[in-house]
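S.K.: Take a look at the letters that make up each chain.
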Amino acid sequence: MITAKGLKRTFRSRKKSVEAVRGVDLAVAPGEIVGFLGPNGAGKTTTLRMLTTLLRPTAGEATIAGHDLLSDPGGVRRRIGYVAQAGGTDSGAKVEEELVQQGRLYRLPAAEARRRAGVLREQLDLNGLEDRLVKTLSGGQRRRLDIAMGLVHEPPLVFLDEPTTGLDPQSRANMWTHIARVRSELNTTVFLTTHYLEEADALCDRILVIDAGEIVAEGTPDELKRRVSGDIITLEVGGDPEDARRVLANGAGQAIGLREVDVRDQTLRLTVTEGDRALPAIMRELDGAAVELASIRLHRPTLDDVFLTVTGRSLRDEQA
Amino acid sequence: MQTLTDTWLIFKGQLTKSLRNPAWVVIGLMQPILYFALFGPLLKNIVTMPGFARGTTWQQFFVPALLVQLGLFGAAFVGFGIVAEWREGVIERMRVTPASRLSLLLGRVLRDVVTLVVQSLVLLVVGLLFGLRAPVAGIALAFVFVVLLAVAMASFSYALGLVLKSEDSLAPFLNSIMMPVLLLSGILLPMTIAPAWLNNLSKINPFRYVVDGMREAFLGHYGTSSVWVGLAVAVAVAIVCAAWGTRVFRHENA
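Chains as they are written, first to last, in our numbering: chain A, 1101 to 1420; chain B, 56 to 309.
The hints are simulated quantities; they were obtained by calculation from the structure and are not laboratory data. Be aware that one or more of the hints could be misleading.
What the hints assert, rightly or not - Straight-line C-alpha distance at most 30 angstroms; calculated DSS-like pairs for lysine-lysine: (1) A:K1235 with B:K99; (2) B:K220 with A:K1115; (3) A:K1116 with B:K220; (4) B:K67 with A:K1235; (5) A:K1194 with B:K72; (6) B:K67 with A:K1194; (7) A:K1235 with B:K220; (8) A:K1235 with A:K1194; (9) B:K220 with A:K1194; (10) A:K1108 with B:K220.
Claimed, not checked - Here are the in silico distance ranges between beta carbons for each label pair: (11) B:A139 with A:T1265: 34 to 42 angstroms; (12) B:V177 with A:A1302: 52 to 60 angstroms; (13) B:Y277 with A:K1116: 53 to 61 angstroms; (14) A:P1209 with B:V180: 51 to 59 angstroms; (15) A:R1178 with B:M234: 54 to 62 angstroms; (16) B:V81 with A:S1117: 46 to 54 angstroms; (17) B:L183 with A:A1210: 34 to 42 angstroms; (18) B:A226 with A:T1265: 26 to 34 angstroms; (19) B:V191 with A:D1225: 54 to 62 angstroms; (20) B:N230 with A:S1117: 51 to 59 angstroms; (21) A:P1209 with B:V177: 36 to 44 angstroms; (22) A:S1113 with B:A139: 37 to 45 angstroms; (23) A:R1178 with B:W63: 14 to 22 angstroms.
Every residue, glycine too, gets a C-beta built ideally from N, C-alpha and C.
When you get a sec, could you build the whole thing from the sequences and use the hints?
M.R.: Shown next, in the form of structure tokens:
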């Protein structure tokens, strides 16, 4: 659905030239929800603006939804939806007017534009708001209208720039449900940017981590977490923790995928390749060696841990 | 063809918004009507002075000038609307649709042209009620001027708004341009009674020719060069401004 090679964008202001995006390669398959994760200023929006024909790349090439970005931007525009961070609905217009006009701008006949507006109101929980002025909508409603605007022409691919920034936690979770449903019902490919780890984790099939204009890691949320830091299992034992350590390190180390053991008082902190698979093996081994187990806990690393490992900085610092 | 459809769509949306909030249309019209009612009568005895075309009534002198003023000031400030739309992301959202770039400008300009023509009609009716007498052809010609002015000023204002992207810079910029344009156009008093240096200075202001041309049209003097010079200048200004507006709307970062 998207293939991009070496996308670059340099901004020139006065004498300085800033490389906002320095060579991004992308491959997105149909039906995927791909998250573009990175701190503010990492180049997310610039990349998105290039992919949506708003900004001409300084270098590189891309094929979007079957059309060449550079030679056929009109073809790209017809096949994609784009929802900017700022939204893009007119506060002085009514909800239905905006939806129908947007459909008409996408060359839908008037009746079809009205029908699509109705379908989208239904899908995105906007029914009963058709005659409301956009400026009177709540934050969550307005954001759902933004998304609806990007979907009027049933594009096979939609770009969402920070779809939930500024929403309260409840509206955010609600938005995730809507986005996931758009994909499952229409098989729409979704490419979204976010700096919320929970969002990328909850919503995306695959994540691209971008920092300082370059993609620094990519994979499914699970892969990324596993590859970068492994899972952490914390054990509390009744007897001598050294007994437990010996059992796990010697006999079962291979089966567990043990990388590291750290003992503190009665507690063992194990770093393993795959926590889900290691848990039963650990319990079996300890039981077999008659080591008394008081508690066991699996901690999956967050995407923040991933970001920290890949870039040496925490995403959370950026948000604060 | 597609450009026409898109222009119509944008026009319809913009007009619906204007009609929902007609206060600005009314306020824009109040100014020339106040000028006409409260300043016009002062000209009654002045129009007999040398420097005025012979046999001109103050209404024939002043109404065409006020139409130019309406055209200038009515459309010059539409750029504020585009800054607001840009800030809300409306312009960018439309630029990602297949809609023709040109129509994004033309649809808005068309709305302003319609608004100004309606305002001009009201002003004309007020003028006629207060004793204005002018030939029908001259009035028709005057409306051609109004349309050209509206196209020029609205395109200029939209382009400027999209370039500056801030009301705070747009307001002083427009004011500093519009003030000398008004004073040097001969709208309030004819430049022919000005001292030579001022008269010469006013000749760099294209709108002076528009004002002169419209006055001649109202007098029915189609044979004089003023009408056609004024028309040519108005066409030229409209083309230059519309071309600039189109360029700005096409530009990738607009």
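S.K.: If a hint holds in the structure, say so; if it does not, say that too.
M.R.: Taking the hints in turn, this is what the structure says about them:
1. A:K1235 with B:K99: With Cα atoms ~50 angstroms apart, A:K1235 and B:K99 exceed 30 angstroms; violated.
2. B:K220 with A:K1115: It holds: about 22 angstroms lies between the C-alpha atoms, which stays within 30 angstroms.
3. A:K1116 with B:K220: holds (22 angstroms)
4. B:K67 with A:K1235: holds (19 angstroms)
5. A:K1194 with B:K72: holds (9 angstroms)
6. B:K67 with A:K1194: holds (13 angstroms)
7. A:K1235 with B:K220: Judged against 30 angstroms, a Cα distance of about 21 angstroms means the pair holds.
8. A:K1235 with A:K1194: At roughly 9 angstroms apart (the allowed maximum being 30 angstroms), A:K1194 and A:K1235 satisfy the hint.
9. B:K220 with A:K1194: holds (25 angstroms)
10. A:K1108 with B:K220: Roughly 26 angstroms separates the two Cα atoms, so the pair holds.
11. B:A139 with A:T1265: 34 to 42 angstroms: For B:A139 and A:T1265 the Cβ distance comes to about 21 angstroms; the hint is violated.
12. B:V177 with A:A1302: 52 to 60 angstroms: Since the Cβ atoms of B:V177 and A:A1302 sit about 58 angstroms apart, the hinted range of 52 to 60 angstroms holds.
13. B:Y277 with A:K1116: 53 to 61 angstroms: Distance hint for B:Y277, A:K1116 holds at roughly 59 angstroms.
14. A:P1209 with B:V180: 51 to 59 angstroms: violated (40 angstroms)
15. A:R1178 with B:M234: 54 to 62 angstroms: violated (46 angstroms)
16. B:V81 with A:S1117: 46 to 54 angstroms: Holds: the Cβ-Cβ distance is about 50 angstroms, inside 46 to 54 angstroms.
17. B:L183 with A:A1210: 34 to 42 angstroms: For A:A1210 against B:L183, whose Cβ atoms are near 40 angstroms apart, the range 34 to 42 angstroms holds.
18. B:A226 with A:T1265: 26 to 34 angstroms: Roughly 31 angstroms apart at Cβ, these two residues keep to the hinted range, so it holds.
19. B:V191 with A:D1225: 54 to 62 angstroms: Once the Cβ atoms are compared, 58 angstroms apart, the range 54 to 62 angstroms for A:D1225 and B:V191 holds.
20. B:N230 with A:S1117: 51 to 59 angstroms: violated (35 angstroms)
21. A:P1209 with B:V177: 36 to 44 angstroms: holds (37 angstroms)
22. A:S1113 with B:A139: 37 to 45 angstroms: Since the Cβ atoms of A:S1113 and B:A139 sit about 25 angstroms apart, the hinted range of 37 to 45 angstroms is violated.
23. A:R1178 with B:W63: 14 to 22 angstroms: For A:R1178 and B:W63 the Cβ distance comes to about 19 angstroms; the hint holds.
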